[in-house]
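Here are the chains, one letter per residue:
Number of protein chains: 2
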Amino acid sequence: MDSFILKGDIAYCDENKKLVTVKDGFLICINGLIEGIFQDVPDRFRFLPIKDCSNQLIIPGMTDLHIHAAQYAFRGTGMDVELLDWLQKYAFPEESRFQDLQYAEKAYSIFADSVKKSATTRLCMFASRHTDATLLLMDKMEASGLISYVGKVNMDRNAPDPLREESAESSFSETERFLREWNERKYRRTFPILTPRFTPSCTDELMDRLGELKEKYAVSVQSHLSENPSEIQFVSELCPWTNDYFEAYDQFGLLGNRNQTEKCIMAHCIWSSEREVDKLKENGVFVAHCPSSNVNVRSGIAPVKKYLERGLKVGLGSDVAGGETESLFSTITDAIKASKVYTRFIDEKTMPLTFEEAFYLATRGGGEFFGKVGAFEQGYEADVIVLRDELLKTTMNFTIAERLERSVYLGLDRMGITHKFVQGKEISSD
Amino acid sequence: MDSFILKGDIAYCDENKKLVTVKDGFLICINGLIEGIFQDVPDRFRFLPIKDCSNQLIIPGMTDLHIHAAQYAFRGTGMDVELLDWLQKYAFPEESRFQDLQYAEKAYSIFADSVKKSATTRLCMFASRHTDATLLLMDKMEASGLISYVGKVNMDRNAPDPLREESAESSFSETERFLREWNERKYRRTFPILTPRFTPSCTDELMDRLGELKEKYAVSVQSHLSENPSEIQFVSELCPWTNDYFEAYDQFGLLGNRNQTEKCIMAHCIWSSEREVDKLKENGVFVAHCPSSNVNVRSGIAPVKKYLERGLKVGLGSDVAGGETESLFSTITDAIKASKVYTRFIDEKTMPLTFEEAFYLATRGGGEFFGKVGAFEQGYEADVIVLRDELLKTTMNFTIAERLERSVYLGLDRMGITHKFVQGKEISSD
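So the sequences go chain by chain: A and B.
Read in order, the letters of the first sequence are residues 4 to 433 in my numbering.
Read in order, the letters of the second sequence are residues 4 to 433 in my numbering.
It is possible that part of the hints are untrue.
For chains that are exact copies, the list does not tell them apart, and a pair is met inside one copy or across any two.
[Unchecked claim] With a cut-off of at most 30 angstroms between alpha-carbon atoms, the simulated DSBU-like pairs for lysine-lysine come out as follows:
1. K309 <-> K92
2. K20 <-> K92
3. K396 <-> K120
4. K217 <-> K189
5. K352 <-> K309
6. K26 <-> K54
7. K282 <-> K219
8. K120 <-> K21
In short, the hints are calculated from the structure, not lab data.
Since the structure is predicted, the reported quantities are computational estimates derived from the model, not experimental observations.
My request is simple: use the sequences and hints to build the entire structure.
So, in structure tokens, the structure goes:
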């Protein structure tokens, strides 16, 4: 049942970041792929079942390029401290608990259940350093029906004892075990990704071994880059022979997109130099823009509008638990708000993100990491969200674009999602 | 039935802006007033009915010091433009529609129903310039059970034709009619407040006549102050003989708190000079801090932490529809986020708002406008919200303070309010 028709009020972003809207349209999905949007159903598709979502909004599913599954339990707390303190006080102690598989079972069940109910259809996530708990998270994600990359975190320095891995060698071998076990499990929608936490947490030896794994298994990489001025200063002390933070990864072959199967996501990129930005572009690195988290832990505001204008690949990350919620509707709103502050106080010449640009980031921008994802053009994978926006009472006759804007600003993803499809398969809401 | 006991996990802010929490406490309410919080019910209160809200959070109701009821219909749309354009393009056309009482009936029903379901128990609101529609809004607010001040807006210049009042004289006489009709209606919980929109919308003659009304009827005043640099520039051109925006109101006797019955709320105060801040303090003016709106329409960020430290009276305003939502939980979160950006980019020496300070603003800070409101100390009015925070799944054993923080950050007011009391009267949730 991956072929069907949805009838309703349709919106998505084209490649120029402009909203395309169709009133009372038919979105046709064949074998999990978008066939197109039609004002009437062509004869050749009349045999398909039609799901009538008239007067509801039909939009692409969203991609969360950066989220910490092992921090979900404490989301929305501890928001009064800055990044490096926050890691020591909240993130590291909580992540230590995932040594215990019974705990991981409980915590990851809550996580998977929550993202399943959200507007997110694709995710790239950090687990913790624990291989078995990470594999358990993969089981949960596979069962959720969402499509995701999951990383066993590497960290062999500058972390408290129960969380720091014993050695670069053991971190390497556990990561290889993680990749092999994944391979045996034959998941259909859950993939591994190399996840050195960030340079302060990984010795050169470990980074070097991870570079080997990347070559050997052709696996993608995710990490953090240029999030916080203190962090960047620390990295320059740890790696005095590098020109910038980018090189601290690049020297080990961890960045770059030399072939089609390996990709790279760097979260944040708030304080990247011009040179670093050029490198991000040259190497086709995906920037995961995490505005909620960046403001919460006082890291700063990334110049995301400039990145878009320069043609970088950019998507959004909720970055739970630096970000308080997995809701990408909330992340979109925060991205726009942060960009307005950027214009007012940092650079008047950089205009704020428009609503459609921020919506683009959450759908097509991040979706590109997964291929043809995040739009309703022929051949795109059928990730679809249906929203009952009449729940937001009004007297106005809004356009579809306005209905979408208010649905996002008013957080309709919390109570207004009526259907959710991933690759054309409906995700049950229970 | 205004005397009862609530059992549960209780939190409120003391006068030093510190959170007081009591696990499994009994909040005792006698004739609509707080008697106190007890670990056991004293013998003399054993006759009172106990409502068991064990494991739920019991917190004070919140005060919204600044909201535009006549802009509620388009909340969450039109967020891509700056203040003065936004007024012309969105706010003014929508407000013009309230000439039509049938329209006002529909729009204000939706508004009153929405704030009734929110965490807000007290509000100060702008209606539109239309007297009859404003009285109709007062009927709706009275029926809601919430306690509010409602303003018929004055505007006799710089507004489009259908919205601009014909003359200072007609604006004055309509306002006097508004005050007299209010007096005849004998509401118990709904009060009028003088509402010159802002200096650009009101001629000197009108301001002068409003000053007369303030004297004659001992009525409070609300308006906007120092929101946007272009607006401030415009005011200095309109009133070249004033030292600052404050004086543009003060010269007509509209500010100041010369006796206990008249009070004044000024929304925003983002760009106030040192002198203006001193004047605000001297005159006991309430600053309505509206962080969501200030960022949305790109006005700036008010130095609210400084205002608190200098002992100004400050509360929060949702400022719908410059702010996208009536949710004060959302406004609290935005206030903290904005203050963090302020620290990072504007003044490193001004620390961000802590969660408890922002919670204070939403409860006790704004509540003071209404008297002893927003805390659970003896003699305070019993405005109470009960939250079922177990809806936010977790594996953690949180403190009450942490439970409150995450309830606010995760927007639990949208689906987790189980009881709401105003002056000890329960507000039905239908």
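### Task
Hint by hint, work out which the structure violates, then give me just those numbers in ascending order.
none
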